[in-house]
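Residue numbers (the working numbering), protein chains in the order written: chain A, 7 to 339; chain B, 23 to 579.
Hints were generated in silico from the structure; no laboratory data involved.
One or more of the hints may lead you astray.
What the hints assert, rightly or not - Derived BS3-like pairs: lysine-lysine, alpha-carbon spacing no greater than 30 Å straight-line: (1) Lys133/A x Lys512/B; (2) Lys296/A x Lys257/B; (3) Lys273/A x Lys257/B; (4) Lys128/A x Lys257/B.
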Amino acid sequence: MTSSLFQYLPRLLAQSRGPALIPIEASNIAPRTDLLFAAMLLICGGVTLAIAILIIFFSVRYRAGSAARRDRSPSTGYRLEIIWTLAPLGLFLLIFMWAAGIFFQLHRRPAAAPLEINVMAKQWMWKFQHPGGQREIDELHLPVGRVVRLTMTSQDVIHSFFVPAFRVKQDVLPDRFTTMTFAPTRPGMYYLFCAEYCGTDHSRMRGVVYVQQPREYELWLAARGAELDVALAGAAAFRRLGCSACHFADSGLQAPSLVGLWGRAVKLHDGAVVQADAQYLRDSILLPNKHRVAGYDPIMPSFQGVVTDDELFALVEYIKSLAAPAPAQGLQP
Amino acid sequence: MSPPRPELNYLNNGRSLWSWLTTTDHKRIALLYLFSITFFFALGGLFAAGIRLELFTPEADLFTSDTYNRLFTMHGIIMVWFFLIPSIPTVFGNFLIPMMIGARDLAFPRLNLASWYVFMLGGLFTVIVMFIGGVDTGWTFYTPYSSTYSNSYVILAAAGVFVVGFSSIFTGLNFIVSVHTLRAPGMHWFRLPLFVWSNYATSIIMVLATPVLAIVLVLIALERAFGMPIFNPYKGGDPLLFQHLFWFYSHPAVYIMILPGMGVVSELVACFAHRRIYGYVFVAWASLGIALLGFFVWGHHMFVSGQSMYAGFVFSFLSFMVAVPSAIKVFNWTATLHRGSITFHAPMLYALGFIGLFTVGGMTGLMLAAIAIDVHVHDTYFIIAHFHYIMVGGMVMAYMGALHFWWPKMSGRLYPEWPAILAALIIFIGFNLTFFPQFILGYNGMPRRYHVYPEEFQLLNVMSTAGASILGVGYVLPLFYLIWSFFKGKPAGPNPWDARGLEWEFADSPPIPNNFPATPLVTFAAYAYDRPDIRLLTGEQGQRFAIDAGPCAGETL
């Protein structure tokens, strides 16, 4: 221990770049989270300080033997009790609504078509795939100013995708798609951490997110060489697995059409309505009876064990690409 | 006054080890628990020391990753289930509740002893796990890691926690029945000390929530041992189901840990401000409010887990609501100081420390309830700092305050005041130096359960480790002077603090085996510091009774 101390102390003292009270903000979410945090710091810090000052003031003024007056000291004041019950309640409601609004932003469907990145987590690495098929491990290149949607799953235990500079975090679960939407706003290199404990090398399950100018990002993609577009790979899987036999209008078989399905509300046979998102598509492929579409017989077989994780990602991208008229791409307002 | 130390008291009523191991005296069982949880606190503290030493540098230099993962898991399991949850209820609840309600013992003395044996059995499992190789799932046992992937002694560790849960249930049951049935004549519900109220609320949670923990641990064992598909998604299970069940227990468990501490602080503030607690009824109902609302906020541990966004909104809202009764308590304690006559003995320093640190913990809890902030700081050191402010800054402070406050009653002797004040100050400074930097670490993004970390987090980690060593000194000091005072301290007499309450006014120090020479007749509410018309009368056989010299003004409750 002592040797470590002497080894590290000089470096420690020389360290100029330490943690800041408010770290770098590099996404559209970050300034909003920080503003709320700063406001709460001010309010909560103020109240804490007020309580501390009161305690110290009372402690000094009413110390045993002091000359302060102690007559007329009621042991309950209903008006005071009601005030200090209702005042925090009102304040809490305001803060709740503010915070919930930001959270809603994280989960809202983006106005424009986002850059779709598929994320596969496993003990102890992050694998990414860009729409053009380019893959990377523990590194993620993103263009600045473009809305990004991550569709994530894990091959083993629960992990969590956490980029502190973006102020975003989402657990990544096995056999399930979780998604997250944000827009990087500042070029640079940022830490990616696994935030959910996942075993031996949890603390080494880290990566780097490179946020680049759009032109640099395009160059980077090009330098990676042409790979099979994820949606095209999905189309191939769609044929290979025989999905096309039922799921096209001219197939003659009773199965819902997939054109324009993505993002639409789907009415189920029990009257419930679900949104056709990544998790819905995944469930429909693996557990077809979980969400039975109204008006169709439960005749689809499960593709559990038949379709690979990569194919699942690709099929989802393919079905997304079948969405009727593609909206213009751009940063969400 | 009667002699300061009765010839026959609960301590010398049987001197053999056997007489202690077979005792059904709630006071002796409290001491058995005191020894046991002190041992586990030291053990959990050693693990914490290991963690802090490793985090002194960003690289892995003392332990391998697997060892480190076992260190923080054992630290969590031991501190949560073998120290924090049993601490105040089993030591001070056991010792004081019968005396505070004017009873000779708890309703089920043998069940009380059984709870200690069950506790020790659970502890034995945990110690065995520690020696044969440990467990590495984190104290939260998240699936599918714990049920499928971990290569450690998950089932045995879960069995230890499963067993110790029954000890909690026994204790909770005993307290509930005792408070309902054994109150002395005249001891109405709203004459009870707030310590009893808060332990009563705690007991309700223990009895209602602990079975869910037992169930979820059994499910893990079934999946791990027999491959039953419960949480494993590849066999149709749901890993999130575990988190719902686990937090359905473990969030209320947070209130099992903090409510008794709040009860202690109510007693200490009233005694050392020498004044009736402000807003007694509100503080009492706030305890029950916390117990009730605490059952509906578990989802705030799961904002980023993949649960529905709307569930997140509901749990965020309810989490803000549960903060209201806690705020009410803090305001009432502060108001109690107003126009009091305050003395600053060590227990009062702990109580004031509790109010300050609990407020910081509570305020940062509000930040975590604000869902957008939680998304960023969830599973970072911000969380670690937050719950240590509640658990160590709150609960352990209250525990230390209780230990000093009732030490004269338990041992019959006074502890030395100056070393105690010194220890309290060291603990306060060491605590803040340990955990405040972790808030900044967390907001900067350092994830929890990290064995190695990026270099720029080192400075704050070094501060934290330095603070932890100061904190360690603060916790070791009382061990020495308390043991010394047990044998050599000045005799305390029945009521060294001039406190109110049956345990001070009607029992000797240390109390006789049956607590009171006769059943007390209660004619006044707790905290009668403002009632000089209440006098104690010493009877012919040394019995003491309260007589009420005046009309019952101010007793409209």
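Tested hints:
1. Distance restraint check for Lys133/A and Lys512/B: the Cα-Cα separation of roughly 69 Å exceeds the 30 Å cut-off, and the hinted pair is therefore not satisfied.
2. Only pairs whose Cα atoms come within 30 Å are accepted, and Lys296/A paired with Lys257/B is accepted, the gap being roughly 15 Å.
3. Using a Cα cut-off of 30 Å, the hinted pair Lys273/A and Lys257/B holds, with the two alpha carbons roughly 28 Å apart.
4. Under the criterion of a C-alpha separation no larger than 30 Å, the hint pairing Lys128/A with Lys257/B is consistent with the structure, at around 18 Å.
Comparing the model with each numbered hint stated earlier shows that hint 1 is the single one that does not hold.
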